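Novice: As given, the protein sequences belong to chains A and B, one line each in that order.
Okay, so the first sequence: first residue is 0 according to this note's numbering, each after it adds one.
Okay, so the second sequence: first residue is 1347 according to this note's numbering, each after it adds one.
The set of hints was computed from the structure by calculation and includes no laboratory data.
Bear in mind that the values here come from a model prediction, so they are computed numbers and not experimental data.
Idealized CB from N, CA, C, for every residue including glycine.
Hints should not be assumed to be uniformly reliable.
Reference listing, derived: stretches of chain B covered by chain A, where coverage requires no fewer than 3 residues with Cβ under 8 Å from a Cβ of chain A [unchecked claim]:
| id | segment |
| --- | --- |
| 1 | 1385-1394 |
| 2 | 1425-1434 |
| 3 | 1444-1456 |
Here are the simulated DSS-like pairs of lysine-lysine, each with C-alpha atoms no more than 27 Å apart in a straight line [stated by the list, open to error]:
| id | chain 1 | residue 1 | chain 2 | residue 2 |
| --- | --- | --- | --- | --- |
| 4 | A | K100 | A | K143 |
| 5 | B | K1436 | A | K140 |
| 6 | A | K140 | A | K100 |
| 7 | A | K143 | B | K1436 |
| 8 | B | K1436 | A | K100 |
| 9 | B | K1436 | B | K1463 |
Read off the chains here:
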Amino acid sequence: MLTDVSTAEDFTIGLNQALAWVDVERHEVIGEFEVERGYCWTACAAVQNGNPLYWDDEVARQLTGGPTAPLTLLSAWFRPHYWMPGRESMPLPWQTHFDLKQTLVLPEAVATDSEVTFGEPIRPGDRIRCAETLRSLSEVKTTKLGRGRFWVIDAVCRNGAGTWVGTETMTGFGYRNLQE
Amino acid sequence: MQTMTRQNLTIDQVAVGDSLPELTHEVTATSVILGALASRDWRPMHHDRDFAQQRNGTPDIFMNTPNQAAWLERFITDWGGPKARIGRYKFRMGDSICPGDIMIFSGTIDAVSTDVKGCGWVGLTIALAASNVIKTRFSARVALPVDNEDNPWARRGEDWQP
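Could you build all of it, start to finish, from the sequences and the hints given here?
Specialist: See the structure below:
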């Protein structure tokens, strides 16, 4: 909570530190298991997706040279297990988003837009790794939510060979509600 | 019951203004929970009704983002066929999708083009509605074969410009 008026109006707090993160890869996460077909079929079954690309090995061989994972399952491959022995806290997706909130002293933040771009198909046996990069940080803006900054974060995903398989892009707005 | 989709649309078979066949699904708790767990999203608002009501202020558990994306992928490839390769999609979520909702995907083609590498592309504007309210708006860029011999999945490196 910002009770000090001068702090509440100062939007340069932490700015230099945040700007130093622009175009720098941070928070790399490596999938805790290899891509597996059982997950692919469960994901297809959940939405009754009968695309033969995922169910018919001959179609997969002809079109993609063998089985691939459903594209929109991208983020699943680097999400941590719900629990595992010895781990006391679960890593957060979009850690950079939370870093910016904290560093810029913007107590509230929302994701305003999301985009996903797909590269090389993901295949069973791949181990997916994902690193976040802050792409931009806006000037101070005022919206109906409050006053703060927009940011754009890429989560760039690669397979074990280092080949790009996809990027999730999130636009966030961190703000202070100046009426509080 | 979903049937195996084998028809492949080619870029010459589509035009700006065309509509995609609607996809309707009655959302159940199973739809929400199975989709969340399949996408490895363990957060309680997607499987615990008390948590969703008390912490998120929603009427019930609600569909997570990757699950909505998976339905989007199905909606697109039910229409385009297995050769249809999604290059990118954007979305903006409005309201929640909960058990009991009748979920309806609808979409139209807003662009048809061929890029410098000869890959055919369509631009889609897609709405996910329930109870006559649009809950999520999507746009997507999808590669379709330029003819029956073409296969967008064969594109690699510089030949794939999503």
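Novice: Each of the hints needs a verdict: does it hold here or not?
Specialist: Hint check:
| no. | hint | result |
| --- | --- | --- |
| 1 | 1385-1394 | holds (count 4) |
| 2 | 1425-1434 | holds (count 6) |
| 3 | 1444-1456 | violated (count 0) |
| 4 | K100/A to K143/A | 18 Å, holds |
| 5 | K1436/B to K140/A | 23 Å, holds |
| 6 | K140/A to K100/A | 15 Å, holds |
| 7 | K143/A to K1436/B | 23 Å, holds |
| 8 | K1436/B to K100/A | 24 Å, holds |
| 9 | K1436/B to K1463/B | 23 Å, holds |
Hint compliance for this structure: hint 3 alone is broken.
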